[in-house]
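Student: Residue-level listing of the chains:
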Amino acid sequence: MNPVLRLLLQRLAISLLVLVGVSILIFFVARVVPGDPARIALGPNASQAAVDAMREARHLNDPLIIQYGWFVRDLAQGDLGTSLYTRRPVTTDIAAYLPATLELVFVAGAMMILLGLPLGRLAARYAKRGPDHAARFAAVVAVCTPAFVWGVILQLLLAYIWPIFPLEGRLSNGVDAPPGITGFYTLDSLMAGQFATFFDALYHLILPATALALSGIGQSARLTRSSMIETYRKPFIEMSRAYGFREDRISRRYAFRPALIPTLTILGLDFAAMLANAFLVERVFVWPGLSRYGVEVILRKDLDAIVGVVLVIAAMFLVTNLIVDLIVSIINPRIRLAERRAKS
Amino acid sequence: MSSKTSSVAWTEFKSNPISIIGLTLVCFCIGLALLADFITPYPAHVGPIGDFTAINQAPSAAHWFGTDTIGRDLLTRIIYGFRLSLIMAVMVLSISMPVGVVLGLLAGYLGGWVEFVLMRLTDIFLAIPPLVLAMAIMGFLPATLTNAMLAVTVMWWPWYTRLVYNVVRSEAREGYVLAAEVIGASPLHTMFREILPNCVPAILTKLTLDVGFVVLMVSSLSFLGLGVQPPTPDLGSMVADGAKYMPDAWWLSIFPALAIMVLVLGFNLLGDGLREAFDAEV
Numbered sequence: 001m002n003p004v005l006r007l008l009l010q011r012l013a014i015s016l017l018v019l020v021g022v023s024i025l026i027f028f029v030a031r032v033v034p035g036d037p038a039r040i041a042l043g044p045n046a047s048q049a050a051v052d053a054m055r056e057a058r059h060l061n062d063p064l065i066i067q068y069g070w071f072v073r074d075l076a077q078g079d080l081g082t083s084l085y086t087r088r089p090v091t092t093d094i095a096a097y098l099p100a101t102l103e104l105v106f107v108a109g110a111m112m113i114l115l116g117l118p119l120g121r122l123a124a125r126y127a128k129r130g131p132d133h134a135a136r137f138a139a140v141v142a143v144c145t146p147a148f149v150w151g152v153i154l155q156l157l158l159a160y161i162w163p164i165f166p167l168e169g170r171l172s173n174g175v176d177a178p179p180g181i182t183g184f185y186t187l188d189s190l191m192a193g194q195f196a197t198f199f200d201a202l203y204h205l206i207l208p209a210t211a212l213a214l215s216g217i218g219q220s221a222r223l224t225r226s227s228m229i230e231t232y233r234k235p236f237i238e239m240s241r242a243y244g245f246r247e248d249r250i251s252r253r254y255a256f257r258p259a260l261i262p263t264l265t266i267l268g269l270d271f272a273a274m275l276a277n278a279f280l281v282e283r284v285f286v287w288p289g290l291s292r293y294g295v296e297v298i299l300r301k302d303l304d305a306i307v308g309v310v311l312v313i314a315a316m317f318l319v320t321n322l323i324v325d326l327i328v329s330i331i332n333p334r335i336r337l338a339e340r341r342a343k344s
Numbered sequence: 001m002s003s004k005t006s007s008v009a010w011t012e013f014k015s016n017p018i019s020i021i022g023l024t025l026v027c028f029c030i031g032l033a034l035l036a037d038f039i040t041p042y043p044a045h046v047g048p049i050g051d052f053t054a055i056n057q058a059p060s061a062a063h064w065f066g067t068d069t070i071g072r073d074l075l076t077r078i079i080y081g082f083r084l085s086l087i088m089a090v091m092v093l094s095i096s097m098p099v100g101v102v103l104g105l106l107a108g109y110l111g112g113w114v115e116f117v118l119m120r121l122t123d124i125f126l127a128i129p130p131l132v133l134a135m136a137i138m139g140f141l142p143a144t145l146t147n148a149m150l151a152v153t154v155m156w157w158p159w160y161t162r163l164v165y166n167v168v169r170s171e172a173r174e175g176y177v178l179a180a181e182v183i184g185a186s187p188l189h190t191m192f193r194e195i196l197p198n199c200v201p202a203i204l205t206k207l208t209l210d211v212g213f214v215v216l217m218v219s220s221l222s223f224l225g226l227g228v229q230p231p232t233p234d235l236g237s238m239v240a241d242g243a244k245y246m247p248d249a250w251w252l253s254i255f256p257a258l259a260i261m262v263l264v265l266g267f268n269l270l271g272d273g274l275r276e277a278f279d280a281e282v
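Protein chains in written order, with full-length UniProt numbering: chain R, 1 to 344; chain G, 1 to 282.
Hints in this document: simulated from the structure, not taken from any laboratory. Some hints could be false.
To be verified - Listed next, the stretches of chain R that the computed footprint assigns to chain G, with coverage defined by at least 3 CB atoms under 8 Å from CB atoms of chain G: (1) 133-143; (2) 154-167; (3) 193-203; (4) 236-249; (5) 286-297; (6) 308-314.
What the hints assert, rightly or not - In the SDA-like style, the derived pairs of lysine to any residue whose C-alpha atoms are separated by at most 20 Å in a straight line are: (7) R:Lys-234 with R:Ile-261; (8) R:Lys-234 with G:Lys-14; (9) G:Lys-244 with R:Lys-301; (10) R:Lys-301 with G:Gln-229; (11) R:Lys-301 with R:Phe-137; (12) G:Lys-244 with R:Ile-261; (13) G:Lys-14 with R:Phe-137.
Unchecked claim - Chain G regions said to be covered by chain R (calculated; three or more residues, Cβ under 8 Å): (14) 37-48; (15) 131-139; (16) 157-166; (17) 208-222; (18) 267-276.
Don't be surprised by glycine CBs; every beta carbon is placed ideally from N, CA and C.
Given the sequences, and given the hints that come with them, work out the whole structure.
Tutor: Spelled out as structure tokens, the structure:
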């Protein structure tokens, strides 16, 4: 079998196992906690009969294992239960709020890669000299600062004191949302040919995405730097210098590409961290994403919705890591060519 | 793990300006936290009661960082916030670190089904972004200081398990481990007396970095309103509350935000210095 495919299948199996584990973990945590979910759902004024009826309807009187069985059966049918806060199916709610969060995370992820990797390459090339120290210090400051602190600082500087960016929201007042196809305002407006809306949506994305991306930019710059410095010590770099290749070309082609592999793996983790940090940034910029829903359901002890949000985020995290594994196995010749080597 | 002697590591640590900046910041923050009762200008402002004649004042000589909406001195509350953050970080790590280390040792040294079960369990925990898991746990529990610490502790141990597991896996092939086994040392002795000491540099480095990250996590939780409740002075909730009064009373959220930054930065720089000095993989 193709080694890339085999690796991928292996990873897929492990990911599914982990997802099942996550569902068990979060399901049991949600059931073990004190308080009767039915009582919480109906409020203190509901009659005992209503609570009992709900317990019966939701199988809350069954043993935990059986309850988990019901949960898995519903999940297999794409049913995550009903939110007690919005009174709609949890899947409908998540589908409504998720695109705004994903759009923000994707833009931030792009910033992380497009700014972080070149910054790291620059630092590695000038290792232990001025630009390196500056880049490293900036990277550490970026990594150490929570996304909400960046949000508050950026908002104060670039939206209040020097108001060049909008303060909050996804679109300006008076601008209508584009027809919903993907739920990404930038993509939807482009597809509908509404360029004014596209630029407005992009304009609103810049500050929150920057706040979200900064620690990822720092992290990816740091990783690229350290793994490139490692690569610079390898004999093939010495050899390419001896051949007289320009330092710029060595840095760009020979040292950077092998260094990308360990960096990419960690970037998958950073992407997951962004999904979580989006909760903080959305709060600062009043972004109508999953976080507003998530915090709301958490404060209201809306069990089904909490379980749903956590499961969706864990699933996205696992999918991201699968994609990263796929990219790594494609660009890493050791994996791609393993079969050919085995044959020869 | 580390072939360097501790004196070489120390020399390297001292000659690295970044670690010295980190150490200075950490000592500064710990010093403020320890001496909070003596150095804060208005110790009484920790609680819910402030000075109603001095509401929402901009930074001045009397109130360096200004006052909040009920006239409490912000500098005082930030210094007590340092203390609270550090206490929470120490509590969280003093439970999650030993648990994670022991499980990592067991998984790495015993192998077999112990390894399979423990490492898949850590995979499950690590598959949920820490903040989301902590938030979810807070969703099921009342929002109190103890529960916030509990939620963060529950999600923190797997990082130590994975770290120690990786170190043990590479150490177990070393000659000294084989030597110990050959002379009949028990698995317990081999794990705790032979291998564990060689994990110490990595654990110590991670611990230092983690003090900062736990502070970050706890303040993120309280920023979302899921952690420490008022009137306890917590940096995260101070940022969240202050953000409502932007930009007129900008100091209300900017100074606590910078305080979090300084605290986390200090521990990170120090941890980075330790990592380089020990050559530890964290």
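Student: If you draw a straight line from the CA of Lys-301 of chain R to the CA of Gln-229 of chain G, is it 20 Å or shorter?
Tutor: Holds, at roughly 17 Å.
Student: Within 20 Å, alpha carbon to alpha carbon, are Lys-234 of chain R and Lys-14 of chain G?
Tutor: violated (28 Å)
Student: Please count how many residues of the segment 133-143 of chain R have a CB within 8 Å of a CB from chain G and say whether that reaches 3.
Tutor: Per the Cβ count (5), the hint holds.
Student: Can you take a look at whether the segment 154-167 of chain R is actually covered by chain G? Rule is 3+ residues, C-beta closer than 8 Å.
Tutor: holds (count 4)
Student: Against chain R, does the segment 157-166 of chain G show at least 3 residues with beta-carbon separation below 8 Å?
Tutor: Since three or more residues must qualify, the claim that chain R covers the segment 157-166 of chain G is violated, with 0 doing so at under 8 Å.
Student: Given that the segment 267-276 of chain G was listed as covered by chain R, double-check it with a C-beta distance under 8 Å for 3 or more residues.
Tutor: holds (count 3)
Student: Against chain G, does the segment 308-314 of chain R show at least 3 residues with beta-carbon separation below 8 Å?
Tutor: holds (count 4)
Student: Tell me if chain G covers the segment 193-203 of chain R under the three-residue, 8 Å CB rule, please?
Tutor: Contact hint for the segment 193-203 of chain R vs chain G: violated, 0 residues under 8 Å.
Student: Is the straight-line distance between the alpha-carbon of Lys-244 of chain G and that of Ile-261 of chain R 20 Å or less?
Tutor: violated (43 Å)
Student: Taking only the CA atoms, is the gap from Lys-244 of chain G to Lys-301 of chain R under or equal to 20 Å?
Tutor: violated (25 Å)
Student: Taking beta carbons only, do three or more residues of the segment 236-249 of chain R come closer than 8 Å to chain G?
Tutor: violated (count 0)
Student: Holds or violated: Lys-14 of chain G and Phe-137 of chain R, Cα atoms, limit 20 Å.
Tutor: holds (18 Å)
The structure shown violates the earlier hints numbered 3, 4, 8, 9, 11, 12, 14, 16.
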